[in-house]
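Visitor: Go ahead and model the full structure; you've got the sequences and the hints to work with.
So the chains spell out like this:
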Amino acid sequence: MLLSVKNLKMHYKTKMGYVRAVDSISFDLDSGEGLGIVGESGCGKTSVSMTILRLLPDNAEFKGGEVLFDNGNGEPVNLVSLAESEMRRYRWKGISMIFQAAMNSLNPVYKVGDQIVEAIQNHFPDTPTDVAKKKVAELFRLVGLDPTRMEQYPHQYSGGMKQRAVIAMALSCDPRIIIADEPTTALDVIVQDRILREIRAIQKKLNMAMIYISHDIAVIAEVSDRIAVMYAGKFVELADSVTIFKRPMHPYTYGLMHAFPSVTGKKVDLVTIPGEPPDLLAPPRGCRFYPRCPKGDKLCEEKDPEYVEVDKGHFLACHHPVQPGEVVQFNAE
Amino acid sequence: MLKFFSKRIVQIVILLFIYVTIVYWLMEAMPGSFTDKYLMNPKITPEIRQNLAKQFGLDKPAFTRYLYYMKNFLKLDLGISFSYFPKKVSSLIFERLPRTVFLFVTATLVSYILGYNLGKRAAWRRGKILDKTATFVGIVFWTIFLPLLAIFNIWLFGVILKILPLNQFINPNVWRETNLSAQNIFLKLLLNAFIFLVVMMISLIFAQRVKTVAAKRTIVLLSAVVTLSVSIILWTSTGLGIYALDIILHMVLPVFTLTLYSFAGSMLVMRDTMLEVVREDYVVTAKAKGLPDRVVRDKHAARNALLPLITNFVISLGFTLSGGIITETMFSWPGLGRAYLEALNSQDTPLLIGLLVFTGIFVLLAHLIADVLYAFLDPRIRY
Amino acid sequence: MTEQSETIVQEPLWKIKLRLWLKEFKRNWALFRERKIAIFGLSVIIFFAVFGIIYPLYPTIMKNVFWKDDIISYETFTPYDPIIGFDPNIFDHPSPPSLVHPLGTDPLGRDVLSMVMYSTPREFVLGITAALITVVIGTIIGASSAYYGGVVDTFFMRLADIVMLFPSLAILMVLSAFIELTLFRLALIIGILAGFGSITIVLKAQALTVKVRPFIEAAKSTGASDAYIILKHIIPNILPLSFLYMMLNVTGAIFTEAVLSFLGLANIRMSWGVIIHMAESSGYLMGSSIGTYWWLWVPAGACITLLCSAFYFLGRGLEEIVNPRLRKR
Numbered sequence: 008m009l010l011s012v013k014n015l016k017m018h019y020k021t022k023m024g025y026v027r028a029v030d031s032i033s034f035d036l037d038s039g040e041g042l043g044i045v046g047e048s049g050c051g052k053t054s055v056s057m058t059i060l061r062l063l064p065d066n067a068e069f070k071g072g073e074v075l076f077d078n079g080n081g082e083p084v085n086l087v088s089l090a091e092s093e094m095r096r097y098r099w100k101g102i103s104m105i106f107q108a109a110m111n112s113l114n115p116v117y118k119v120g121d122q123i124v125e126a127i128q129n130h131f132p133d134t135p136t137d138v139a140k141k142k143v144a145e146l147f148r149l150v151g152l153d154p155t156r157m158e159q160y161p162h163q164y165s166g167g168m169k170q171r172a173v174i175a176m177a178l179s180c181d182p183r184i185i186i187a188d189e190p191t192t193a194l195d196v197i198v199q200d201r202i203l204r205e206i207r208a209i210q211k212k213l214n215m216a217m218i219y220i221s222h223d224i225a226v227i228a229e230v231s232d233r234i235a236v237m238y239a240g241k242f243v244e245l246a247d248s249v250t251i252f253k254r255p256m257h258p259y260t261y262g263l264m265h266a267f268p269s270v271t272g273k274k275v276d277l278v279t280i281p282g283e284p285p286d287l288l289a290p291p292r293g294c295r296f297y298p299r300c301p302k303g304d305k306l307c308e309e310k311d312p313e314y315v316e317v318d319k320g321h322f323l324a325c326h327h328p329v330q331p332g333e334v335v336q337f338n339a340e
Numbered sequence: 414m415l416k417f418f419s420k421r422i423v424q425i426v427i428l429l430f431i432y433v434t435i436v437y438w439l440m441e442a443m444p445g446s447f448t449d450k451y452l453m454n455p456k457i458t459p460e461i462r463q464n465l466a467k468q469f470g471l472d473k474p475a476f477t478r479y480l481y482y483m484k485n486f487l488k489l490d491l492g493i494s495f496s497y498f499p500k501k502v503s504s505l506i507f508e509r510l511p512r513t514v515f516l517f518v519t520a521t522l523v524s525y526i527l528g529y530n531l532g533k534r535a536a537w538r539r540g541k542i543l544d545k546t547a548t549f550v551g552i553v554f555w556t557i558f559l560p561l562l563a564i565f566n567i568w569l570f571g572v573i574l575k576i577l578p579l580n581q582f583i584n585p586n587v588w589r590e591t592n593l594s595a596q597n598i599f600l601k602l603l604l605n606a607f608i609f610l611v612v613m614m615i616s617l618i619f620a621q622r623v624k625t626v627a628a629k630r631t632i633v634l635l636s637a638v639v640t641l642s643v644s645i646i647l648w649t650s651t652g653l654g655i656y657a658l659d660i661i662l663h664m665v666l667p668v669f670t671l672t673l674y675s676f677a678g679s680m681l682v683m684r685d686t687m688l689e690v691v692r693e694d695y696v697v698t699a700k701a702k703g704l705p706d707r708v709v710r711d712k713h714a715a716r717n718a719l720l721p722l723i724t725n726f727v728i729s730l731g732f733t734l735s736g737g738i739i740t741e742t743m744f745s746w747p748g749l750g751r752a753y754l755e756a757l758n759s760q761d762t763p764l765l766i767g768l769l770v771f772t773g774i775f776v777l778l779a780h781l782i783a784d785v786l787y788a789f790l791d792p793r794i795r796y
Numbered sequence: 009m010t011e012q013s014e015t016i017v018q019e020p021l022w023k024i025k026l027r028l029w030l031k032e033f034k035r036n037w038a039l040f041r042e043r044k045i046a047i048f049g050l051s052v053i054i055f056f057a058v059f060g061i062i063y064p065l066y067p068t069i070m071k072n073v074f075w076k077d078d079i080i081s082y083e084t085f086t087p088y089d090p091i092i093g094f095d096p097n098i099f100d101h102p103s104p105p106s107l108v109h110p111l112g113t114d115p116l117g118r119d120v121l122s123m124v125m126y127s128t129p130r131e132f133v134l135g136i137t138a139a140l141i142t143v144v145i146g147t148i149i150g151a152s153s154a155y156y157g158g159v160v161d162t163f164f165m166r167l168a169d170i171v172m173l174f175p176s177l178a179i180l181m182v183l184s185a186f187i188e189l190t191l192f193r194l195a196l197i198i199g200i201l202a203g204f205g206s207i208t209i210v211l212k213a214q215a216l217t218v219k220v221r222p223f224i225e226a227a228k229s230t231g232a233s234d235a236y237i238i239l240k241h242i243i244p245n246i247l248p249l250s251f252l253y254m255m256l257n258v259t260g261a262i263f264t265e266a267v268l269s270f271l272g273l274a275n276i277r278m279s280w281g282v283i284i285h286m287a288e289s290s291g292y293l294m295g296s297s298i299g300t301y302w303w304l305w306v307p308a309g310a311c312i313t314l315l316c317s318a319f320y321f322l323g324r325g326l327e328e329i330v331n332p333r334l335r336k337r
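Residue numbers (my numbering), protein chains in the order written: chain A, 8 to 340; chain B, 414 to 796; chain C, 9 to 337.
One or more of the hints may lead you astray.
[Said to hold, decoys possible] Mimicking SDA-like on lysine to any residue, the simulated pairs with C-alpha atoms at most 20 Å apart in a straight line are:
#1 Lys20(A) to Gly540(B)
#2 Lys712(B) to Lys16(A)
#3 Lys22(A) to Glu328(C)
#4 Lys541(B) to Leu63(A)
#5 Lys575(B) to Ser297(C)
#6 Lys712(B) to Glu158(A)
#7 Lys31(C) to Met23(A)
#8 Lys545(B) to Thr162(C)
#9 Lys420(B) to Thr162(C)
#10 Lys44(C) to Ser503(B)
#11 Lys629(B) to Thr640(B)
#12 Lys484(B) to Ser503(B)
#13 Lys575(B) to Gly295(C)
#14 Lys118(A) to Ile618(B)
[Unchecked claim] From chain B, some residues computed to sit far from chain C (all C-beta separations above 12 Å):
#15 Arg534
#16 Ala620
#17 Ser644
#18 Asp685
#19 Leu765
#20 Asp791
Keep in mind that the hints were calculated from the coordinates and are not lab data.
The beta-carbon is built from N, C-alpha and C at its ideal position, and this holds for glycine as well.
Guide: If you want it as structure tokens, here you go:
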């Protein structure tokens, strides 16, 4: 297993109390695999990736769990318990990241090429600058950028080009895993689609593992082998993409799947899930989806359902899973 | 680029013209004149006074004199001082200028280096003890009554600790035996400081090219030590060292006072800008790239916080004359500020106008240099 | 339904506004209270306000405690008058602090504490008047420049450039030669000079961000006049920033007055700066006298510094409320 996250808990400390942004998250990731994490904004998706890379603000606190990363030589290391200076070696070289706001993740005062060279030379200090530059040129070609643009500044790039440059940067140290956090949100739809396909192609070509994070299930579906559905700081369902689409078992997943129109599929009624996600400062005692769930009952109110493997490779946290063929009625207000 | 700067220079010339005009008429509006000072002097009869007035051109109508002044100003001639007759205003200014410049450049450099370093550290460790103390102490010194600080420092270092000379520019006892001019030694000292600065700049630029932090530090330290020891050897071998040391010792207290007073200005600007910059995504990216904390802070965050610091620096240059008046009075330092106060007391209008105009040109030039620096520091700014 | 809406209308508008304002105030107060530095500033300001207000009590108390047996000389010499007072019972003035004169006397035999207390409200008046003038000018010009743009904007921005060229202290020194710089005039001049300077540029930048907001367009489309939009929509939105600058300008005004008085150039009979000027001009700030006669400069100097930094601290505390970008998440 390349990456194995077990019961990861990370809370933000605020004046009003703890915000349970990441609450007992577990998943595994194999090499060459694409895992999608989907959820509404504010459900803690980004916090998961930031917790894995330990790029958290001062008020974040680990509350338990481990992140086991296999760096290819022997025992996997637990990233959570590493010293900061040790952790630095795993960032980018082990796990790199394509950030949510690619527009702003390039430093405006340095040339784009130099910023990538910096990353390479940081992890491979013996690389001469011209060799590093050659590598950057290669990466630029790989992501579809003109290598001469290396000598330009970020403001001379268009949005899509910046996104490609950020992808090239993420690939620069040959990471084993890339986390792509909403990699295309800021782009227009056509560019979005093209870049997604390219990311996927590169991933397959280089046989890297990838974690895609998005609020858009259509985007996730396009690039992932498996999909995890996240709700209010927890994973509620995880299965391979086909299963998630064909046979969602959690009412929330069911709602999500029916919340967008399918162009090719049969005509179905669009579903909206009434209500708001819970306040992570004081989440419901039992199941976090209970206040919005049409199938919720006493048990759901009292007891938080456990996250267990219900089928081979199909994880679920629900007391009353949606049965095959069942139609769940969400009462819109 | 050329278009922008030619436009900017035209703007500056117009601004300067308006400024000189306002300054001129402001001085003209001052009641009394230089010759009135001799009103009570029985030796100077009304005839002589009239003659004096004629000599200085004070008998002509004000507007004619204004035109004369402007004509001379275009020839870079600031006129002749009344109280130091027949010295030219420009030569007076250039005699005093190095002293003020040396005082303020040293204090400003030290306080900006201090402010930059403290500010970035305070913001990086926001809310920690360094941040809190630096902000508190900084604001207290920033808002302190400057004469109070000067009096206190004179008392502490001059009277109680007795380690620094009280005030004045030089110690007469040291200079009695020699016929060297203090100004001469001082200019040499200034040249020395300038060479030192240039060497440091070159070594800093050179240090940028090497990779490891240790190598960078060695280069900078080595060049500093070598230049300093060479200059010390030169000074002592020529036997001028003792005089130079005397001047330096007299400078320590005013420079220290000014630095204490002004470092907070740059520190607070640096801190506030850094607080905004550290939220930028590229700072997180830099961290995610696995760069060491120090590199993220200095190369990615602090570098982007430099622009407002430059603006602050330019604005603070406008303070030089005002600050000079206070500091130079407190430490009896014969610089531009003292000259201004003396000129005001003796109604030496040409010198007053000259000093104000000179400050104006100085500030405007600083604005222009800031524009160049902006373009140099931020690739997004292209004129 | 109709009944309900009528009852809502019946509540006068000012009450709703007051409630909204109170709510906003409570929220900001909570933010403000977190800033220990701002609380410190506010406390010092309140301390000085009280210190100044209770001044009239001071001579009365001293009279009843120490001068009961000597009412005649008290009446003749008024030893606690800050300007013409004199203590006839002490031969060597300045005299060090004692019970009768808690902060000693100055070279003219006046009570230092009395002078310091007497000056306090005057410093407040000066600082706040000057800052108020600055902010009123800066806000109106900043808002109009941003709203009208074009010639108005160019004119005031170039004017600001020129005003910023003048070294303010040096110019005030020249002005002191032909204007009697009384307290009020000084406040007026400081206020005006600062008002046309850098503050207009800052406030204009802020007003520009307000100008492009949709409600300005909405107000325009309802046919509101320019003056109405500036007064009712733009100015209220830049007011918090103006208020912040007001606090910072109080510091500047008090400092400038102190320096001018210290150099003996202002025509002010008594202020903290005048107290130090007195000590300096009579030669008590030379060499070892500095330490011996500390009460001549320490109390006044400390007061100037404390009040100046208090307003600055307060301003910085407010800055985090006004400028959310500085807030800690």
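Visitor: For every hint, state whether the structure bears it out.
Guide: Hints and how they fare:
no., hint, verdict
1, Lys20(A) to Gly540(B), "15 Å, holds"
2, Lys712(B) to Lys16(A), "33 Å, violated"
3, Lys22(A) to Glu328(C), "17 Å, holds"
4, Lys541(B) to Leu63(A), "17 Å, holds"
5, Lys575(B) to Ser297(C), "14 Å, holds"
6, Lys712(B) to Glu158(A), "18 Å, holds"
7, Lys31(C) to Met23(A), "19 Å, holds"
8, Lys545(B) to Thr162(C), "41 Å, violated"
9, Lys420(B) to Thr162(C), "15 Å, holds"
10, Lys44(C) to Ser503(B), "51 Å, violated"
11, Lys629(B) to Thr640(B), "17 Å, holds"
12, Lys484(B) to Ser503(B), "15 Å, holds"
13, Lys575(B) to Gly295(C), "11 Å, holds"
14, Lys118(A) to Ile618(B), "18 Å, holds"
15, Arg534, "17 Å, holds"
16, Ala620, "33 Å, holds"
17, Ser644, "33 Å, holds"
18, Asp685, "6 Å, violated"
19, Leu765, "7 Å, violated"
20, Asp791, "18 Å, holds"
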